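Just so you know, the protein sequences line up as chains R and F, in that order. Residue numbers for the first sequence follow our numbering, so the first one is 1 and each next one is one higher. Residue numbers for the second sequence follow our numbering, so the first one is 1 and each next one is one higher.
In case anyone wonders, no lab produced these hints; they're calculated from the structure. Just so you know, not all the hints are guaranteed correct.
Pairs involving identical chains hold if they fit within one copy or between any two copies, as the list cannot separate such chains.
Claimed, not checked - In silico SDA-like links for lysine to any residue, alpha-carbon gap of 25 Å or less:
#	residue 1	residue 2
1	K389	A109
2	K6	N60
3	K277	K413
4	K6	A53
5	K213	A53
What you are looking at is a predicted structure, and each value in this text was computed from that prediction instead of being measured.
Number of protein chains: 2
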Amino acid sequence: MSKAKKGIDIISIGDELLIGQVINTNASWMAEKLNNKALPVNRIIAIADTSVAIIEALHNSINSAKLVLITGGLGPTKDDLTKATICDFFDSKLVLNQKVKDHVEEFFAKRGRKLTESNRQQAMLPNNCEIITNSQGTAPGMYFIKNETHFVFMPGVPFEMKSIMTEWVIPYFSEFCNIKARAQKTVMTSGMGESFLADKISHWEDVLPENTKLAYLPSPGKVRLRLHVESENKESAEKQLEQHIQDLNLIIPELIYGYDDEPLEAVIGKLLKEKGKTIATAESCTGGMIAEKITSIAGSSNYFKGSIVAYANEIKSNLLNIDMAIIDEHGAVSEEVACLMANNVREIMQTDIAVSTTGIAGPDGGTDEKPVGTVWIGIATKERVFAKKYQFGNQRERNTNWTLQTALNMLRKEL
Amino acid sequence: MSKAKKGIDIISIGDELLIGQVINTNASWMAEKLNNKALPVNRIIAIADTSVAIIEALHNSINSAKLVLITGGLGPTKDDLTKATICDFFDSKLVLNQKVKDHVEEFFAKRGRKLTESNRQQAMLPNNCEIITNSQGTAPGMYFIKNETHFVFMPGVPFEMKSIMTEWVIPYFSEFCNIKARAQKTVMTSGMGESFLADKISHWEDVLPENTKLAYLPSPGKVRLRLHVESENKESAEKQLEQHIQDLNLIIPELIYGYDDEPLEAVIGKLLKEKGKTIATAESCTGGMIAEKITSIAGSSNYFKGSIVAYANEIKSNLLNIDMAIIDEHGAVSEEVACLMANNVREIMQTDIAVSTTGIAGPDGGTDEKPVGTVWIGIATKERVFAKKYQFGNQRERNTNWTLQTALNMLRKEL
């Protein structure tokens with residue numbers, strides 16, 4: 001007797017995933033979009049580009065999942081045996097699909113490119129599936145039903161998969177899975193580490209009811225708190241969730257900067273827009289990372305004027321007008337230089353606020369007095385200029401990420 | 001009759017993976033390190049933080065894998081039921097481990113922090129496993145053997161997992177799995193899209209022997225070609241691999257910029273160091289991204305002087321000395337402005353080479369004449385200044401990534 005099938009399995013095909021060459025961002029993106037529509041993902045499974053592995057995974061999922069979403073192995077190049085394997089599993093044979101052939105030809109004609117033989121092969125498709133149009137590329141999606149489990153195959157190219165998911169899969173399956181009503185929200189915090197935060201909110205956490213789940217998700221410079229409430233109906237779940245979050249807000253108001261994975265740079269962007277203020281950055285150890293984050297937000301040209309990345313001391317002196325004598329006396333990684341960097345870039349770019357970073361990211365350059373991980377972050381406004389010292393770890397990438405998040409959080413507080 | 005167990009399953013525990021809130025970079029990192037030691041990963045499986053899901057995954061893997069590496073669910077906070085579930089599966093009970101208790105206490109004392117109750121709980125461990133020291137944190141690893149399958153549980157915090165993998169798992173299991181001798185190399189190319197590249201090298205690909213596998217891994221601005229050869233012994237596999245790569249080099253020498261996931265910014269860093277040259281960037285649409293990439297390489301302070309991120313036109317004029325009349329006449333996104341940005345930042349920062357970007361990343365700001373995705377990239381050396389126009393897509397993030405990779409590739413060619 002088999003148990004009831006439920007939920008969704010995501011199967012990602014590709015050797016590159018199993019040797020760590022490619023990170024499975026496709027599956028994360030799919031999971032997020034499905035979760036937004038309350039479509040529950042059971043498992044994400046990455047497997048090899050072999051018939052044996054593909055067949056085994058399909059057999060495994062057909063026993064437990066109601067819907068299986070498979071990506072990868074449908075590109076124009078010769079490493080793709082997915083289609084042949086699918087034919088075995090679903091008792092299909094490959095036939096020429098005229099509509100897809102026309103689409104592929106039109107796709108290339110539009111772009112003024114010549115059709116290749118490998119592109120032509122993409123119109124050979126199983127005879128017993130529904131073909132899903134790929135508006136962004138040439139390999140179409142395929143939809144099968146077997147033993148009451150639904151299977152959708154998509155190409156692995158991210159923006160092609162995304163368009164099939166958005167245009168077809170999500171709308172089609174939105175009404176598909178019956179689940180309990182639930183509400184979910186992630187509280188974004190910055191400024192306190194995981195275990196200290198856990199202690200600080202323990203009396204709140206301890207009284208959360210059975211139907212409520214809390215997860216801590218730490219990363220450099222921030223801890224996300226994901227709250228999940230299940231109830232009889234959506235309205236009741238949402239009401240309970242809001243109450244928990246209100247209570248939490250009374251305990252750690254200064255640590256909460258946003259909700260639902262809103263990044264700090266978006267929060268800062270909103271604050272700047274609201275207040276009609278402009279911003280600039282002067283960066284040494286972050287090398288342009290803060291500017292890049294701020295400009296990753298669409299519409300940032302309304303408030304971001306620019307940045308001076310002053311890696312070399314001569315640039316700190318020539319472009320940021322910092323007296324070389326001050327650098328020599330205090331060192332480039334110092335309160336004085338951090339303050340001058342922030343203050344001067346603000347004056348040069350004529351903005352309302354500015355942030356600066358100067359530190360020793362590593363692996364080299366540390367001293368006994370200033371070990372690797374020493375970072376000064378400066379803030380300048382029309383009213384005041386100040387800098388704070390931090391001691392991060394000994395890994396270059398973690399240090400720059402900590403500096404980035406901490407600088408963004410300082411900016412948020414100052415706005 | 002069950003088939004022979006072989007290879008490795010990686011199981012990542014965490015609801016955050018199944019709702020797409022966190023990307024599974026842990027599993028990719030582990031897979032890469034295992035692959036470097038020729039330890040073959042069968043599957044990467046992300047599952048929910050529930051007893052049912054954990055037990056099901058362990059049952060599933062015990063039937064097929066020789067080694068199962070599990071991460072997540074061992075942190076100090078209360079969302080962690082992994083340990084209780086493990087006890088069910090391995091018939092264990094939790095007992096106080098004095099050595100771990102001492103380690104946790106010492107860990108906090110060293111950092112001058114107070115021990116919390118949740119930290120204390122981490123010393124409660126199953127009585128029938130080998131405890132693996134976690135030098136970077138407080139939750140130790142656990143090693144069980146059941147039905148001839150080996151299981152290692154590790155915390156999900158990346159740098160703690162990484163230290164247990166590096167210090168214990170990789171050395172311990174390096175001799176563990178018997179596999180064929182093999183050689184593998186990834187050829188990094190930039191400058192031609194996947195299907196055109198496939199056509200260009202098809203006569204080379206078509207004659208690759210049975211024991212050789214080729215995979216195309218495209219991403220914005222580059223296509224990686226992964227070649228994998230299996231043979232009787234390591235030496236023969238490597239020799240054959242080198243021959244294939246030499247042959248490929250004769251067909252597309254100008255497209256190959258490196259091997260084995262070496263990023264373009266590292267290639268450029270090497271070239272600059274070799275030639276004793278220095279570099280600066282002037283960035284508009286990339287917002288500091290090129291500077292950030294260049295400085296992500298340790299030792300980049302030897303050749304990278306700095307960057308002017310000129311997002312606002314007034315910064316292009318005031319800091320990069322570009323006549324406002326030229327911006328008004330040609331527009332900020334133009335050959336003239338791209339050339340002046342590169343030329344002037346090179347003069348201002350007194351470097352040997354400079355690169356500039358100016359474009360319309362989107363979603364707003366496009367016109368009929370210059371739609372979203374229009375980007376000019378400029379290069380300046382002592383000898384010459386030029387700019388090239390590109391037409392990328394309509395997605396902001398893809399556009400900046402394409403611009404970044406294309407600019408880095410132009411720099412590489414010019415060096």
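Now for the hints, and whether the structure bears them out:
{"no.": "1", "hint": "K389 / A109", "verdict": "between (59 Å within a copy, 22 Å between copies)"}
{"no.": "2", "hint": "K6 / N60", "verdict": "both (13 Å within a copy, 17 Å between copies)"}
{"no.": "3", "hint": "K277 / K413", "verdict": "within (14 Å within a copy, 41 Å between copies)"}
{"no.": "4", "hint": "K6 / A53", "verdict": "both (22 Å within a copy, 13 Å between copies)"}
{"no.": "5", "hint": "K213 / A53", "verdict": "between (35 Å within a copy, 16 Å between copies)"}
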